[in-house]
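Protein chains: 2
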Amino acid sequence: MKPYEDPNARLDEVTVATKPVFEGKIISLQIDTVKLPDGSTASREIVRHPGAVAVMAIHEGKMVLVDQFRQAMGRRELEIPAGKLEKGEDPLEAAKRELQEETGYTCGNIRLLHSFYTSPGFADEIIHLYVAEDLESGEASLDEDEFLELCELTLDEAQEAIAAGKISDAKTIMAVYAWKLKRLTGAFQL
Amino acid sequence: MKPYEDPNARLDEVTVATKPVFEGKIISLQIDTVKLPDGSTASREIVRHPGAVAVMAIHEGKMVLVDQFRQAMGRRELEIPAGKLEKGEDPLEAAKRELQEETGYTCGNIRLLHSFYTSPGFADEIIHLYVAEDLESGEASLDEDEFLELCELTLDEAQEAIAAGKISDAKTIMAVYAWKLKRLTGAFQL
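Protein chains in written order, with UniProt numbering: chain A, 1 to 190; chain B, 1 to 190.
You can take every hint at face value.
Which copy is meant is left open, so a pair is good if it fits within one copy or across any two.
Straight-line Cα separation of at most 35 angstroms, DSBU-like style, residue types lysine-lysine; simulated pairs:
1. Lys62 <-> Lys96
2. Lys166 <-> Lys84
3. Lys182 <-> Lys87
4. Lys35 <-> Lys87
5. Lys35 <-> Lys62
6. Lys96 <-> Lys35
7. Lys166 <-> Lys35
The hints are simulated quantities; they were obtained by calculation from the structure and are not laboratory data.
Generate the whole structure from the sequences, applying the supplied hints.
Quick look at the structure:
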């Protein structure tokens with residue numbers, strides 16, 4: 001039997017060289033040289049990231065958000081709790097850890113909604129987005145360089161916060177879409 | 001009258017130094033030193049990006065996607081048409097340009113759905129996501145180092161592609177959520 005041939009495999013690029021540029025605490029940067037489908041070469045600026053988790057946690061009909069300063073944006077914004085994966089850490093455990101550390105909440109029920117790339121054009125960061133329910137409140141335990149404030153919004157308030165630009169990042173907007181879908185169909189998942 | 005005081009303004013960080021690390025064709029990297037709310041300092045690795053546009057284009061009940069290789073992911077994936085902003089370019093014009101260049105489609109109707117940060121923890125990239133309707137097909141005009149294939153999916157097929165990991169980036173998953181919402185409520189917007 002003839003093996004399956006992916007008709008678009010001809011679009012694939014092949015790495016011919018990788019030059020490390022920067023190794024940081026959180027990200028690293030490299031320049032890859034790739035061979036294009038037409039045989040020519042091109043360079044690609046690639047940010048490496050350990051991956052992250054984010055948690056859509058719903059408590060008494062409200063979404064649990066954190067207000068925190070983001071240096072890349074130059075301002076604060078409201079986001080669902082999130083953080084990077086520690087080395088070798090299981091994403092599900094990381095999601096429970098970040099939720100507890102940032103908000104104090106523990107959860108009776110948590111499951112993966114989507115894993116997605118945030119910026120596939122230049123970064124390999126992948127976010128594992130979880131849905132946490134049956135929350136129980138407790139004491140937060142922030143990292144020493146982490147300063148944030150809890151904020152809980154209804155769906156209407158979350159939609160207003162998006163319209164006002166107070167919620168303005170991909171994972172949190174996606175979470176609000178999923179929450180609205182849950183209200184309409186009974187399921188968060190697409 | 002006492003001026004309004006933002007109760008969370010105390011969470012703000014202040015930049016005390018910026019060290020350029022890398023200046024590339026698409027991104028640049030800098031290390032900022034920030035003063036934290038408790039007076040101590042911390043360093044932040046920040047990727048600067050010119051911003052991008054993405055277009056959810058619906059043609060005869062199908063979403064227009066492009067299959068392209070992403071070096072950061074090490075594989076191809078299906079995404080809505082997208083590309084970075086040229087210097088000084090209006091995002092709406094860029095959205096029309098990218099749609100035409102990557103897919104050949106021109107549109108009679110286009111509007112902004114959301115502008116969002118992709119990775120606020122380390123990057124300032126903002127994506128302006130547009131909805132384009134009343135499409136008319138034409139000839140694509142790809143950049144010389146751009147190789148991609150058009151792919152049009154129904155909502156069911158797009159949901160299957162997400163489940164199968166063939167659609168796996170934030171902007172495209174968000175677009176599919178918005179499309180599903182449109183089917184349920186008549187509006188893409190949250």
